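2 protein chains.
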Amino acid sequence: MAVRWDAPLHDDLRLVEEEIARSVRSQQPLLTEIAMHVIRAGGKRIRPGIALLAFHSVGGTDLDRAVKLAAAFELIHSATLLHDDINDGSDTRRGEISAHRKYGVHRALITGDFLFVQGFRLGGEAPEIIGIVADACVAMAESEMLQIEEERDSETPLETYMSIIGGKTARPIEAIAQVGAYVGGGSAEDIAALGRYALNIGYAFQIVDDILDLTGQEGRMGKPLGMDILESKANLSLMIAMQGHYPGSERIREIFQKGEKTAAEIDEVLELVRATDALDVARDHAKRLRDLALASLEGIPPSIYRDSLVALADSVLERSS
Amino acid sequence: MAVRWDAPLHDDLRLVEEEIARSVRSQQPLLTEIAMHVIRAGGKRIRPGIALLAFHSVGGTDLDRAVKLAAAFELIHSATLLHDDINDGSDTRRGEISAHRKYGVHRALITGDFLFVQGFRLGGEAPEIIGIVADACVAMAESEMLQIEEERDSETPLETYMSIIGGKTARPIEAIAQVGAYVGGGSAEDIAALGRYALNIGYAFQIVDDILDLTGQEGRMGKPLGMDILESKANLSLMIAMQGHYPGSERIREIFQKGEKTAAEIDEVLELVRATDALDVARDHAKRLRDLALASLEGIPPSIYRDSLVALADSVLERSS
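So the sequence lines, in the order shown, correspond to chains L and R.
Each position in the first sequence, counted from 1, maps to that position plus 6 in my numbering.
Each position in the second sequence, counted from 1, maps to that position plus 6 in my numbering.
Isolated chain L (complex conformation):
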C-alpha cells in the first residue's frame, strides 16, 4: 500500500489528541495519569480516523465539532478498554502493563467511568446524536453480556458470533461514521453509505483480530497468543475448526469447554486449528466484508478522503498486530 490511510488526517488527528488531553485533565492527577496510560496504549486511532474521513468525504466544514466528536468516541472506546481489561484479567495491552495491574482495579474502574463521562460530555456538543452514541454503547454492553453467556459453548452459531462482534466492534464503528457524515452535512444517502462501509469494516476488523489471536507474531494487542482459547471466547476461525469435521475438531471442542487450560493445551489447539483451512475460510470472509465496505463507497464523490477510506479498508486486511 503506497499511502498510509491516515496521511490526510495528520493535522486533524493532532487536534483530536489535544482535545483528548484537555478532556482528561483533572484535579486528581492520578485520574489523568491512568487515563493517559490507556489512551497512549490505545493504538491506531481508527475510530476518530473513520469519523474524520466520513466528515471530510462529504465535504464537512465545521472541523472543530468533528474533532470534538472524534475525541468523544476515542474517550468512550478507552473507557471500554479499561473495563474490558479488568473483566478479562488482562496483564498487558499493546505490550504495556494493563492499567488495573499497574494502578489497581479500583482506580482503573473509576478512571473508566471518568472517561465515559468525559466522552458523553463532548458528545453533547452535538446533542441530536446522543441517541446514536448511546445506542452504540448499549450494543457494546449487550454484546459483552452475550459473549459471557456464550463462553465455553463449542456450538455457538455463526449468527450469534456476528451479533457479538457486531455489538462489540462493528456497530460502534458504524455509529462513528454516521455521526462524522452527519456533522459533515452529508445527505441521508451519504450517511447510510458511510455507515454501511464502517459496519462492514468493523466486522472485517474483528474477524482479522480473531485470526491474529491464533497466528499473530506476538498475539493480539501485545497479548499472548491464544487468549480466546484460554478464555473460551467466540472466535470465528476457532468456531470453524471446532464445528467442522476436521480430524482435530473433537479435541479442540474438548479443550475449549474446559474451565482451566494448560499452556500445552493452548498450544495443542493452536496447532490443530492451523492444520485446518479455518484461518483461510475466516480470512476469505473478512475479504468479502472488505469488498462490501468498498462497494458502499460507490456513491461518495472521489477525494483524497475517499481514497483514504479505501486504503483503510485494505489496511484492515493487512494488519499484523
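A few of these clues could be false.
If chains are identical, the list can't say which one is meant, so a pair holds when it fits in one copy or spans any two.
No more than 20 Å apart at the CA atoms, straight line, and that leaves these computed lysine to any residue pairs for SDA-like [to be verified]:
1) Lys108 <-> Asn93
2) Lys239 <-> Val111
3) Lys239 <-> Gly110
4) Lys108 <-> Asp94
5) Lys108 <-> Glu155
6) Lys239 <-> Leu276
7) Lys108 <-> Ile154
Because the hints were derived from the structure by calculation, they are not lab data.
Fair warning: this is a prediction, and the values are worked out from it, not measured in the lab.
Starting from the known structure of chain L, arrange chain R on it as the hints suggest.
Just chain R, lined up with the frame of chain L:
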C-alpha cells in the same frame, strides 16, 4: 414529622419508576435483571425527589422532561452504586446480596456501564444541562480517587473530608436540584438557592450516613456496622475521635492505620468512639448544615413542594438507616 417529604410526589415518582423500567429494558434479559436488582435496592429515591421538588417549587410545568431528568439521575446513581460495591467488595446492599456477589464482577461492571449510558441518554433530553451532569459525575470520580488516596491516613484534614463527601454526595445532589429548578423555569436566583439547599442537604446526609456506620441498628444500607473502620475510610465522627485528645484517640489511630483488622478491633474502635463526644459533635455539624439548607429556601415562595423540601431536610437528620 407529620407528613412524609415525598407525599406530594406520589404520582411523579411512579412516572420516574416507569421511565427507569423503560430505560433498563434490553435485548439481554440479564442486563435488565441486574439493573433492576440494584435499582430496587436503591432506597428512598431522594435524588429524583429533590429534582422534582426543585422543579415544582419554582412552578415548573414540563413534567415529562422533569421526570426524564429525575430518572436519568437515578440511573447514573445506580451505576455508581454497582461500581462502588465492586470496589468496596461489599457483600450486601440494603440487606440484599450485592449485584457483583450474585451475578459476578464482570456482569455487574458491564451493567454499571449500561446504566451510565442510559442515564446520559435521558440526560440528553435537556442537552444544555449535560455539562452540569458531567461535572457532577467527574466530581464523583475525583472524590473516589481522593478517598482511595486518603485511606488509612489518620490525619486527613477536615477540608479534605469535606472535599471527599462534597464530590461523592453533596455536589451531585446540588446539580440535581439546579437542573430541576432550571427545567422548571426558575430564575437564576431560584436555581442558585435550590442548589445551595441541596448542597448543604447533601453534606448533612453524608455526615449522618457516617454516624450511622458507627451507631446504626444494622449499620448503613443494611451493611455491618463499622465498615469505614474496616476499610480505613474518612468518616467525620471517627476523624474527630481519632484526631482529638480523648483517652482512646491513640488506640483508634493505631487500629485505623492497620491493613487488616479483626472483628474485635472493629468493636473496640466502636466502643472508644462512643465514649467520646465525637458523634454529638458530628451531629451538631449536620444540624448546622440542615439549618443552612433551610435558610437557602427563604426566597422560594410557599407551596406544598417547599414544605416538602423542609420536611426532607428534617428527615435527613432523623433517618435511622
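Status of Glu155 relative to Lys108 across identical chains (alpha carbons, at most 20 Å): between (29 Å within a copy, 15 Å between copies)
Identical-chain pair category, Lys108 with Asp94, by Cα at 20 Å: For Lys108 and Asp94, the Cα distance is within 20 Å both inside one copy (15 Å) and across copies (19 Å).
Within, between, both or neither, where Lys108 and Asn93 count as close if Cα-Cα is 20 Å or less: both (15 Å within a copy, 16 Å between copies)
Up to 20 Å CA-CA - Ile154 versus Lys108, copy category: Classified as between: cross-chain Cα gap 15 Å, same-chain 25 Å, threshold 20 Å.
Identical-chain pair category, Lys239 with Gly110, by Cα at 20 Å: between (25 Å within a copy, 17 Å between copies)
20 Å Cα threshold - placement of Leu276 relative to Lys239: Within. Shortest intra-copy distance 14 Å satisfies the 20 Å Cα cut-off; inter-copy 48 Å does not.
Up to 20 Å CA-CA - Val111 versus Lys239, copy category: Only across copies: Lys239 and Val111 sit 18 Å apart there, 22 Å inside one copy, limit 20 Å.
Violated hints for the displayed structure: none, as all numbered hints are satisfied.
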